[in-house]
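Chemist: Chains A and B are the protein sequences, given in the same order.
The opening position of the first sequence corresponds to residue 1 in the numbering used here, with each subsequent residue numbered one higher.
The opening position of the second sequence corresponds to residue 337 in the numbering used here, with each subsequent residue numbered one higher.
Quick caveat, the hints were computed from the structure, so don't treat them as lab data.
Please read all numbers here as calculations on a predicted model, not as lab measurements.
Cβ atoms here follow ideal geometry from the backbone N, Cα and C, with glycine treated the same way.
Please note: incorrect hints may appear among the correct ones.
Said to hold, decoys possible - Non-contacting residues of chain A with respect to chain B, defined by C-beta distances greater than 10 Å in every case (computed):
1) Ala-174
2) Ala-178
3) Val-230
4) Leu-232
5) Asn-234
6) Ala-240
7) Ala-263
As the list claims (entries may be wrong) - Facing chain B, a subset of chain A residues (Cβ under 7 Å, in silico):
8) Gly-58
9) Pro-59
10) Arg-61
11) Glu-62
12) Val-63
13) Ala-92
14) Asp-100
15) Ala-103
16) Ala-104
There are 2 protein chains.
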Amino acid sequence: MPDPTLASPTLDVVAIGNAIVDVIAAADDAFIAAEDLPKGSMRLIDEDAATGLYGRMGPGREVSGGSAANTVAGMATLGLAVGFIGQVADDALGQVFAHDIRAAGVRFDTTPRGEHPATARCLILVTPDAQRTMNTFLGASQYLPETALDRATIEAAAILYLEGYLWDPAEPRAAMRAAIGWARDAGRRVAFSLSDAFVIGRHRADFLSLIGDGLVDILFANEAEITSLVELENFEAAVAEVSRQVPLLVVTRGPAGAIAMRAGERFEVAAEPIDRVVDTTGAGDLFAAGFLAGQAQGRTVEASLHMGAVAAAEVISHYGARPEADLKALVAARLG
Amino acid sequence: MPDPTLASPTLDVVAIGNAIVDVIAAADDAFIAAEDLPKGSMRLIDEDAATGLYGRMGPGREVSGGSAANTVAGMATLGLAVGFIGQVADDALGQVFAHDIRAAGVRFDTTPRGEHPATARCLILVTPDAQRTMNTFLGASQYLPETALDRATIEAAAILYLEGYLWDPAEPRAAMRAAIGWARDAGRRVAFSLSDAFVIGRHRADFLSLIGDGLVDILFANEAEITSLVELENFEAAVAEVSRQVPLLVVTRGPAGAIAMRAGERFEVAAEPIDRVVDTTGAGDLFAAGFLAGQAQGRTVEASLHMGAVAAAEVISHYGARPEADLKALVAARLG
Chain A
1 MPDPTLASPT LDVVAIGNAI VDVIAAADDA FIAAEDLPKG SMRLIDEDAA
51 TGLYGRMGPG REVSGGSAAN TVAGMATLGL AVGFIGQVAD DALGQVFAHD
101 IRAAGVRFDT TPRGEHPATA RCLILVTPDA QRTMNTFLGA SQYLPETALD
151 RATIEAAAIL YLEGYLWDPA EPRAAMRAAI GWARDAGRRV AFSLSDAFVI
201 GRHRADFLSL IGDGLVDILF ANEAEITSLV ELENFEAAVA EVSRQVPLLV
251 VTRGPAGAIA MRAGERFEVA AEPIDRVVDT TGAGDLFAAG FLAGQAQGRT
301 VEASLHMGAV AAAEVISHYG ARPEADLKAL VAARLG
Chain B
337 MPDPTLASPT LDVVAIGNAI VDVIAAADDA FIAAEDLPKG SMRLIDEDAA
387 TGLYGRMGPG REVSGGSAAN TVAGMATLGL AVGFIGQVAD DALGQVFAHD
437 IRAAGVRFDT TPRGEHPATA RCLILVTPDA QRTMNTFLGA SQYLPETALD
487 RATIEAAAIL YLEGYLWDPA EPRAAMRAAI GWARDAGRRV AFSLSDAFVI
537 GRHRADFLSL IGDGLVDILF ANEAEITSLV ELENFEAAVA EVSRQVPLLV
587 VTRGPAGAIA MRAGERFEVA AEPIDRVVDT TGAGDLFAAG FLAGQAQGRT
637 VEASLHMGAV AAAEVISHYG ARPEADLKAL VAARLG
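Chain A with its partners taken away, still in its complex shape:
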C-alpha cells in the first residue's frame, strides 16, 4: 500500500537508462555483411571493437541517444515533466549527452564518473532500407551505481520507466531493481521496455519473473521481443500470453502500426503515413514517448496509441533518434 504521507507526483516520468551518444553513418548491405553484423539488432562491443568498426565505417553524425533517454526527451518535447538517470564519463561525449538532454527539457543530475571508461557510444549503421544496426560500447553507462539514484526523485514521478538494454550490466541492473521497489512502495507505476530480442535471450527468466511478480504495470515490446519473451512463434499467442500478466501491454509492429492490450481489451493503431523512412532508429523509443505522454495526460489508450504513432513517424523521417520537429504541434494537428 502506498504511504499516505507521500505527496502527489511532481514528475510525470523518471527514466533509468543507458546514457549514450549515437554515431550514425550510412552503410550499404555489403558492409553489414562484410562486418558480419546481425542487421536490425543491437550488439554490445568492447572499446577495441568500437575503435575498429569506427575506423572502417563512413562519416558519422553524433547525436545524443540511449533508448530511455530518447523516450524522455520525446516526452519533454510533448510538454511533460520528466527526469533521466544514467551514467556518463567526465569527457567530451559526456558533456554532449548532458547538454542535449537538459536542453531538451529533461531533468538530469547524475554526476559524471571519471574519465575511464569513456561515455557510451553506439555506432549505428543505417542501410538504404532505413534499418539500423547498432553496435554499442557501454563504457561508463554500465557502471551506474544504486547510489546515483535519488530515492526522492523516483518517488516523485508518477511513472518509473526502465529500458531492458540496461539489464545487461550488473550494477545498473541492481540499481533498477532498487528503483522498482521504491516506486512500488510509493504507489507509482512501473513501465518497462523489453528493448531487444537478444537482450531478452540473455535475461528471459529475470524479465518473466519481474512481470510474474506484478512489478511491471506497462510493458513495451515489438513483435520480435514479445514472441521471444514467451518463446512462442505465433504473434497473437504471445500477445495473449503476456497480456494476461501485465495490466497494460503495448506492442509496436513497424509499418503495421501497434496494438495495446488492457484487461483483455484490444486496441489498435495504424502507422502514421510519412513520405520517406530515413532511419528507423528510435522508432520504438518515440512510440513509447507518445504513448506514455498520452497516459500521463489522462488520455484514452486509443489516443495514447495515436500519440505514439505520431511521435514514431516524426523520428523515422530523419537521421537520429530524438525528435526534430515540434511534436506537441504534430499531436495537436492529429488529435486536437
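Use these hints to put chain B onto chain A, whose structure you have.
Modeler: Relative to the frame of chain A, chain B by itself:
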C-alpha cells in the same frame, strides 16, 4: 614559369582550411535576437563564449564541418582525388574530424596538436527560415603552422583551394601564403573562397592585393561578399569590377542561382528546385565542390555551374554541411 621537371598532378585539389566540428541546433528568431547575433553570418568567439552559448542553445548534432573541408568532402564524393590540410587538437572532436574526412575519401595527414586549445567547433543555430548563424571557436585550427604543410602535396595537386575564413589567424595565413607561392611555382591553379562579408571587412586590402597580384585563378563569392570586396553597392558593378581581375569568377546568389565570369563572358545557372530547404549551412561550400569537380573533369563552365547547383541543393535539404546522398548519381541524373 612552371618547372618542366615537375610531374603531372596526382591530386585534383588540395585544400587548406579550418578543421571544425559543427554543433547544429534549431533556434527561433527570438533566441538569435536575445543573443544579439548577426543572423546569417559567421562570428568568431572565444572558448568562454562558446561554453556559454552552448549551455543556452538547444540539443545539438555534431557533424564535421569547416568550409574548405566540406568542399573537398563533396569533391571526394564526386569521385575526385583530393586532400585536406587543417589543424585539429588531440581530443575527441579532433578524432571525429579526422575520421569523417578520411571516411569521406579525403587524404588528411595533418598531425594533431596537443590537447589545448581544443579542436575547433562551430555552434550553428538554424532558424525556421533555414538560415544559419555561425559562432566559431577556432581552437586548434588557428595554429596551423607552415611546417604542417607538405610542399610536395601542394605541388601534386592541380588546384590549391583556400578559404578566406582561415585568413583571420596569423599562423595559417602565413602558411597559406607559402602554399600559394609553391602552387604558383609548380604551375598549379589557385582557387580562393571569400567566405564571409565580415572576414572581408577585416582583410579587404590583403584579398585585393592577392587578386591584384594575379595569385588567384578562380574566385568564389556570394552577393554580400563580392559587393563588400570592392565596396560597391551595385551587384553588377561589383561583378564587373572583380571579374576584370580574376580569370574565373563564380558568384552564388542563393535561390537566384549563380553566375560565372570568364574573360568577359557571362554564364548563369538557376538554383536546383528542391522540396524543402532545411539548413543552408554548406550551400556555398558544396557549390564550390560541384563547380571545381566539373572544372577538374574538364567540363564547360556552364556544366560546372550545374554541378555546383546540384551539390548545393543536396546539402541544403538536410541538416549538416556535408553531402548525405550520392552526389555522383545526382549529377549523372542531371547532366549525364
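Chemist: Looking back at the hints listed earlier, which ones does the structure fail to meet?
Modeler: Every hint satisfied by this model.
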